[in-house]
Amino acid sequence: MQVNGQLALTVLMGIFLVAVAAWLARIENWRSYTPIGGGGALGQQEGYVSEEKPSGIIRWLTTVDHKDIGLLYGTYGLIAFVVGGLMVTVMRIELIDPGMSFISNQFYNSLLTSHGITMLFLFGTPIIAAFANYLVPLLIGADDMAFPRINAIAFWLLPPAALLIWAGFFPIPDLIPAQTAWTMYTPLSAGVGAGNQANAGVDLMLLGLHLSGVSATMGSINFIATIFTERGDDVSWANLDIFSWTILTQSGLILFAFPLLGSALVMLLFDRNFGTTFFAGEGGAMLWQHLFWFFGHPEVYILVLPPMGIVSYVLPRFSGRRLFGFKFVVYSTLAIGVLSFGVWAHHMFATGMDPRLRASFMAVSLAIAIPSAVKTFNWITTMWNGRVRLTTPMLFCIGFVSNFIIGGVTGVFLASIPVDLILHDTYYVVGHFHYVVMGAIAFAGFAGLYYWYPLYTGRMYQKTLGKAHFWLSMVGTNITFFAMILLGYGGMPRRYATYLPQFASLHQVATIGALILFVGQVIFVWNFVQSWLEGPTVDDGDPWDLRESGLYTAEWDWYDQKLQTAIADGGEEEDSVLTDGGDEEESVRTDGGDVDAADD
Amino acid sequence: MANKIFDRDTLLDLTVNVVPLFIIGFFVVGFVVLAPFGIDPLASAIQFGLLAVPFVLLAVLTYFAGRAVAGAEHSSDVYLPGQASVRGAEPLEEFDDTPESLERDQTNAVEGETADDAADDH
Ligand SMILES: [Cu+2]
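Those sequence lines, one after another, are chains A and B.
Residue numbering for the first sequence follows the UniProt record's numbering, beginning at 1 and increasing consecutively.
Residue numbering for the second sequence follows the UniProt record's numbering, beginning at 1 and increasing consecutively.
Each hint should be verified, as a subset may be incorrect.
Covered by chain A, per the in silico footprint, the following chain B stretches (three or more residues, Cβ under 8 Å) [stated by the list, open to error]: (1) 49-59; (2) 62-71.
Facing chain A, a subset of chain B residues (Cβ under 7 Å, in silico) [as the list claims (entries may be wrong)]: (3) Ile23; (4) Ile24; (5) Gly25; (6) Val86.
None of these hints come from the bench; they were simulated from the model.
Note that the Cβ used here is the ideal one computed from N, Cα and C, for glycine as well.
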């Protein structure tokens, strides 16, 4: 009886909400709805971009230009990468010997938690947003993002998010860093029991995480709107580039995953501060894990799909041919997007859930391996018999494919319940996902940073340093994370600050690998910053010689046009807008009328 | 109309998503036939729901994506992805609705690896 009453209430509420939505749709003309200061339909000339930009720091604080915001995201992401990298370097040094040597176990736990959250939420998501903001409007022939100001707000939510997440590390009395690990499992994260996790530092971390989720959601809505409505006339679904496809899919995933994380975080905060009992009673721990991983697994693909897009985009340019099976890659990206919501409990095989449910999650987890494998074969086939040029971005792409194969294959084994029950919570899992996040995602990020370096800096990086960066990263990654896989086979549990002496040598190998990685990243930072300031300027709109293989694309064409208008204002390009001093052009080029301006 | 869009080559492109559908279907049949953990109304309903929902959603999304891409292919010029808004870019295949040209369009689009004929106007 009571259940029926609740059911009736739920249905009523549903009808009410639909009615509200319908009413809103009637009174507001959504087609002409201009969100903030004029959203701009395709082809319209808009106010914000064409105005003269202020100079100095004010420009960066007030900008709504997608390229500037992309650079802000990139700077932010790289700073977070440095912070997260330094954190893990300290951890790896601590793990040189089995006991507690130079940092306390509590501090190790704090670093472990912050390393994970920093790398996933403050480096991973923002660095992808950096590429997407800068490139997607150029690639699809849009003036700017659909909602430039929401774009700026989404970015500016991130610095406070970082401050909140790191707050526990600042010298503030009575505030300690969270030690919950990035998964924030209850009851530990609920602050109950004898531990110290009732501290306000954990609350601040949760709030910061929530803020970063709001930022990601706003960004994703913006990308979806941009790719659906702002494409240039000739950019149809049939010739949308692969990077934009992956950003579109990723944005869809963010749209469904991050609000759920936000809700779960609010529930957890209420449990901690207002005496609610969402995660307190019987099954509370399971509830948290279900909610968290329903977000957490799609998050994996939120982080990996755009890097796959970068590799699918860059790798063919240096193979001298088109991406093999382009549409296979597109459709398999979409397949990953859907299936990623049906596999979350493969992180929970060891919780004692009903074996029937567990079997279903295993089945979908095995199925989702196919689309990823398809892509791998496509990349290999693209290079097969191609004219491969081993530039730095290409090296990182090949490194991506190589590391992704190891990370992926180790993952397929984990998807199998009996194997998972043995390897669960060991370093095998850590090795597996680091092959993906460091070996693949970060490598693709580097590939993109090097490939488009001339585009966003106007300068060229130092090639020798770039290659040194690649080789140190490749060697370091494989030493570190392969040692972890072996540690996992030996039964070394993850997350511990100390370990049994029998694991010492493999831990030392992993630390040496991490130090090699560290040296590589120091070289990267040096190369990146110094070349930006002093590198030779790139006066060629086609720095990678893509025209001769017919693989020239829109973002370089934009760069080429920018160079020409900056040097000798052509004056006769029919439909370009020269209202902003002629240096930030991105007009929609609707026809091929002025081919002679290109390079002949 | 549907047949016009979902011709042989488009279906071939979509096979990439049929494979995971097949794997899910395989497990559905396996769980029905073998029922390794017995049948319980609630648990079994969730068990098959967890397989059916992704299966249906993937099939639906694949259908709509295929329709959007193949539809755009048949109704406008096809450029190399990322090249459509390049100044002076030449379409790989111009839109032309004579039956023979449609035929040729699709064979070329499927064999995306032949780079030699792309925009060699320079
Ligand atoms: Cu997962």
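Okay, the hints, checked on the actual structure:
no.	hint	in the structure
1	49-59	holds (count 6)
2	62-71	holds (count 7)
3	Ile23	4 Å, holds
4	Ile24	5 Å, holds
5	Gly25	9 Å, violated
6	Val86	4 Å, holds
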